[in-house]
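Based on the hints, put chain B in the right spot on chain A.
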Amino acid sequence: MSSNDDERLIARVREGDFAAFEVLYNKYKGEVYRTSLAIIQDKDAAEDILQDCFLKLYTNIDKIDGSIPLSLWLHRVTVNLSYNWAIKHSRWLNFLKGMLEGLVASNPTSPESILEKKELSHIVREAIDSLKFEHRVVLILFYLKNFNLKEIAYILNCPIGTVKSRLYYGRKNLKRKLMSDRILEGEVAYELP
Amino acid sequence: MNYHEDLNDDLGELIRWAFYELVRGEEPSPKVWLRIKAKIKERREREVRRRLLLQRLSLALRALALTIFFLAFGNDWDSRPVEERAYLTWRENLVLSTMPMMRMMIY
Chain A
1 MSSNDDERLI
11 ARVREGDFAA
21 FEVLYNKYKG
31 EVYRTSLAII
41 QDKDAAEDIL
51 QDCFLKLYTN
61 IDKIDGSIPL
71 SLWLHRVTVN
81 LSYNWAIKHS
91 RWLNFLKGML
101 EGLVASNPTS
111 PESILEKKEL
121 SHIVREAIDS
131 LKFEHRVVLI
141 LFYLKNFNLK
151 EIAYILNCPI
161 GTVKSRLYYG
171 RKNLKRKLMS
181 DRILEGEVAY
191 ELP
Chain B
1 MNYHEDLNDD
11 LGELIRWAFY
21 ELVRGEEPSP
31 KVWLRIKAKI
41 KERREREVRR
51 RLLLQRLSLA
61 LRALALTIFF
71 LAFGNDWDSR
81 PVEERAYLTW
91 RENLVLSTMP
101 MMRMMIY
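Just so you know, the protein sequences line up as chains A and B, in that order. Read in my numbering, the first sequence has 9 at position 9, and its numbers run on one by one without any break. Read in my numbering, the second sequence has 90 at position 90, and its numbers run on one by one without any break.
Pulled out of the complex, with its shape left as it was, chain A reads as follows (with noise of 0.2 Å):
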């Protein structure tokens, strides 16, 4: 479905039509919920979050840019609320061990494999958990959610040379935390799965 779909999704939903609100929700449901649980690592918030995030999308719909892809526009908000979130809560630097285990426990692989990748993921998410959230936001929105820096920089309202800067550092940061836990000794000892 293109971004032509969604003006004209959009345009219904501005006449009153609720359907094509519910067929924008089915489409961007998993994007907004998957990142706002990287950000902040809470199931029960991210989906109070995607909640939010579409009550927004419903309020501000005559407001909405035409122009701008709305999985930007969506993402902007996503983030916003999760930066909120996460100083109401002050959660983020916190691990939720037992999701991420639950996680790397549902591979149906050997339990050496388990272990191993289990103990790296752990070591991974530790070392991301450990950056500033802004660094961490970029990471999630070029790894994870593949946007490129423009599009990284419409959501975080910055410029493009500031977005650079975030990732640099943040990935600077995170691969020191990582040699220090010996993950990485100049170039990645693990074998990625």
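The set of hints was computed from the structure by calculation and includes no laboratory data. Keep in mind the model is a prediction, meaning the values are calculated, not measured. A portion of the hints provided could be inaccurate.
[What the hints assert, rightly or not] Straight-line distance between alpha carbons at most 30 Å, and here's what the computed DSS-like set of lysine-lysine pairs gives:
#1 Lys88/A x Lys39/B
#2 Lys37/B x Lys150/A
#3 Lys172/A x Lys132/A
#4 Lys39/B x Lys43/A
#5 Lys41/B x Lys88/A
#6 Lys31/B x Lys56/A
#7 Lys150/A x Lys132/A
#8 Lys145/A x Lys43/A
#9 Lys43/A x Lys37/B
#10 Lys172/A x Lys63/A
#11 Lys39/B x Lys145/A
#12 Lys41/B x Lys27/A
Then chain B, alone, in the frame of chain A:
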């Protein structure tokens, strides 16, 4: 090697993998959509109630304005010009003092 290729090195792949692992297969509960629908319905109802209230308030104010008008220009209106009477009745004073407010309410 360009900027994007630099970012997609081994470290980049490791970060990407860690994030994918974290959110892989994650979907929001169907309850979220139900909550959104309920909230929107609630907002619409609140908006309808607000408009209705404003309409009623507007009608009530117009009625009040008309009542004041009829009280002022009612049966015992002294039809002589004010200059001849050399005084203003309390109703005339009331009308004069409420004129700006009535204008505001009616238009």
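Hint check results:
1. Lys88/A x Lys39/B: 23 Å, holds
2. Lys37/B x Lys150/A: 34 Å, violated
3. Lys172/A x Lys132/A: Answer holds: lysine 172/A to lysine 132/A is near 12 Å, not above 30 Å.
4. Lys39/B x Lys43/A: 20 Å, holds
5. Lys41/B x Lys88/A: 28 Å, holds
6. Lys31/B x Lys56/A: The hint holds at about 18 Å.
7. Lys150/A x Lys132/A: 21 Å, holds
8. Lys145/A x Lys43/A: Measuring from Cα to Cα gives roughly 18 Å; hence the hint holds.
9. Lys43/A x Lys37/B: The hint holds at about 20 Å.
10. Lys172/A x Lys63/A: At roughly 39 Å apart (the allowed maximum being 30 Å), lysine 63/A and lysine 172/A break the hint.
11. Lys39/B x Lys145/A: 29 Å, holds
12. Lys41/B x Lys27/A: 21 Å, holds
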